[in-house]
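Enquirer: Chains as they are written, first to last, in numbering that gives the first Met the number 0: chain W, 0 to 122; chain E, 0 to 245.
Treat each hint with caution, since some may be false.
Computed list of lysine-lysine pairs in DSSO-like fashion (alpha-carbon distance at most 27 Å, straight line) [to be verified]: (1) E/Lys-126 - E/Lys-2; (2) E/Lys-108 - E/Lys-2; (3) E/Lys-2 - W/Lys-112; (4) E/Lys-237 - E/Lys-148; (5) W/Lys-119 - E/Lys-108.
No wet-lab data here; the hints were simulated from the structure.
A quick note: this is a predicted structure, and the numbers were derived from the prediction, not measured.
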Amino acid sequence: MENVISYRLQIIAITMALCFMFFIFRLIARGKLREEYSFIWITCTALLLLFSFWRNGLEVIAGLLGIYYAPSLIFLGAIFAIVIFLVHLSVVNSRQHQQIKDLAQEMAILKKKLEDEEKKKAS
Amino acid sequence: MSKTVNVALIIPCFNEEDVVLALYSEISRTPFPEGTSVTPVFINDCSTDTTRQIFIEHQMTFIDLPVNLGIGGAVQAGYKYAFRNGYDIAVQMDGDGQHPPSELHKLLKLITDGEADVAIGSRYLTKEGFQSSSLRRTGISYFRWLNQKLVGVTVYDSTSGYRALNRRALELVSGYYPDEYPEPEAIILYALHGLSIRETPVIMRERQGGRSSIRTYKTVYYMFKVTLGIIFLYIRLKFNGKRHLL
Chain W
0 MENVISYRLQ IIAITMALCF MFFIFRLIAR GKLREEYSFI WITCTALLLL
50 FSFWRNGLEV IAGLLGIYYA PSLIFLGAIF AIVIFLVHLS VVNSRQHQQI
100 KDLAQEMAIL KKKLEDEEKK KAS
Chain E
0 MSKTVNVALI IPCFNEEDVV LALYSEISRT PFPEGTSVTP VFINDCSTDT
50 TRQIFIEHQM TFIDLPVNLG IGGAVQAGYK YAFRNGYDIA VQMDGDGQHP
100 PSELHKLLKL ITDGEADVAI GSRYLTKEGF QSSSLRRTGI SYFRWLNQKL
150 VGVTVYDSTS GYRALNRRAL ELVSGYYPDE YPEPEAIILY ALHGLSIRET
200 PVIMRERQGG RSSIRTYKTV YYMFKVTLGI IFLYIRLKFN GKRHLL
């Protein structure tokens with residue numbers, strides 16, 4: 000099972016994985032990505048790197064799991080990860096929805112209070 | 000019984016420029032029972048028409064939401080306002096003129112007599128006034144059945160948005176109020192917190208302007224959303240206690 004992937008392809012894969020990792024780190028460093036979300040992306044890049052170095056890794060794991068066609072393991076893993084992450088985003092979205100509602104109500108009530116105070120002062 | 004009962008009349012409005020002024024003057028003209036002071040509090044749910052200008056021009060009391068929250072969020076803003084400003088009773092009324100102010104005393108009486116924590120104005124107890132479409136009525140009897148099965152409370156007009164709440168109920172809804180189509184869900188909320196709910200017959204009118212938030216093509220979504228809302232709220236309150244609400 001030597002040379003299933005050409006060295007050229009392996010170098011491209013490693014470069015891409017490193018670029019992606021650099022991109023993620025830069026986002027975190029600039030404060031554009033919160034650490035809680037960065038966790039999943041760091042894990043993803045780590046996996047990418049792992050499989051670009053470990054050439055037979057995919058075949059080995061697929062063999063262990065009894066998957067006949069190894070590349071389908073990629074799809075399985077990727078779709079699973081995507082679904083989990085989407086659910087996570089929905090949870091975050093719902094929480095923000097609630098927070099925005101509370102803030103808007105709070106702000107409207109305070110605005111009313113402020114106007115009332117100003118009116119009282121004016122008269 | 001010499002103390003004045005302060006009532007906040009909460010009227011959520013989204014693009015109701017055609018009716019809001021007529022409603023306001025009708026409320027001002029309506030004689031309310033002695034010993035009650037009724038303050039109409041309009042909630043401007045980020046209207047895109049001249050509703051807000053009308054409020055300002057005529058110096059009406061209103062709460063101006065900075066973003067559009069929908070009926071649930073708008074009504075809750077009013078309830079929070081009423082609760083914090085020490086109102087004894089808060090009444091929620093539609094901004095489209097469906098709910099005649101002249102019927103308000105029936106709701107208030109149930110609360111001031113201590114017969115109920117939540118009073119609901121129902122258009123189906125006596126078949127008078129505007130009765131809405133048969134599709135809508137079918138949906139409403141379905142919610143009645145669902146509420147009956149889950150919490151054993153029979154509310155004939157569970158989608159009615161003409162409701163009066165005392166302070167006990169106000170405290171509850173200041174903490175949590177359902178979001179999108181809140182009325183049927185709120186009944187579950189009240190019932191499971193041990194609040195007493197009473198209905199009183201109210202004659203409703205056909206809406207005077209604007210459009211209902213429940214339109215025909217949305218009916219299926221409405222039924223689905225409210226059913227889910229009711230069932231999950233029931234499960235949450237029944238099995239997880241009340242800690243998940245806030």
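Enquirer: Hint by hint, say whether it matches the structure.
Expert: Comparing the hints with the structure gives:
1. With a CA separation close to 36 Å, the supplied pair E/Lys-126 and E/Lys-2 exceeds the 27 Å bound.
2. Our distance criterion of 27 Å between C-alpha atoms is met by E/Lys-108 and E/Lys-2, whose separation comes to about 15 Å.
3. Distance hint between E/Lys-2 and W/Lys-112 is fulfilled; the C-alpha atoms sit about 25 Å from each other, no more than 27 Å.
4. For the given pair, E/Lys-237 sits about 14 Å from E/Lys-148 by alpha-carbon distance, which is consistent with the 27 Å threshold.
5. Only pairs whose Cα atoms come within 27 Å are accepted, and W/Lys-119 paired with E/Lys-108 is rejected, the gap being roughly 33 Å.
Comparing the model with each earlier hint shows violations of hints 1 and 5; every other hint is respected.
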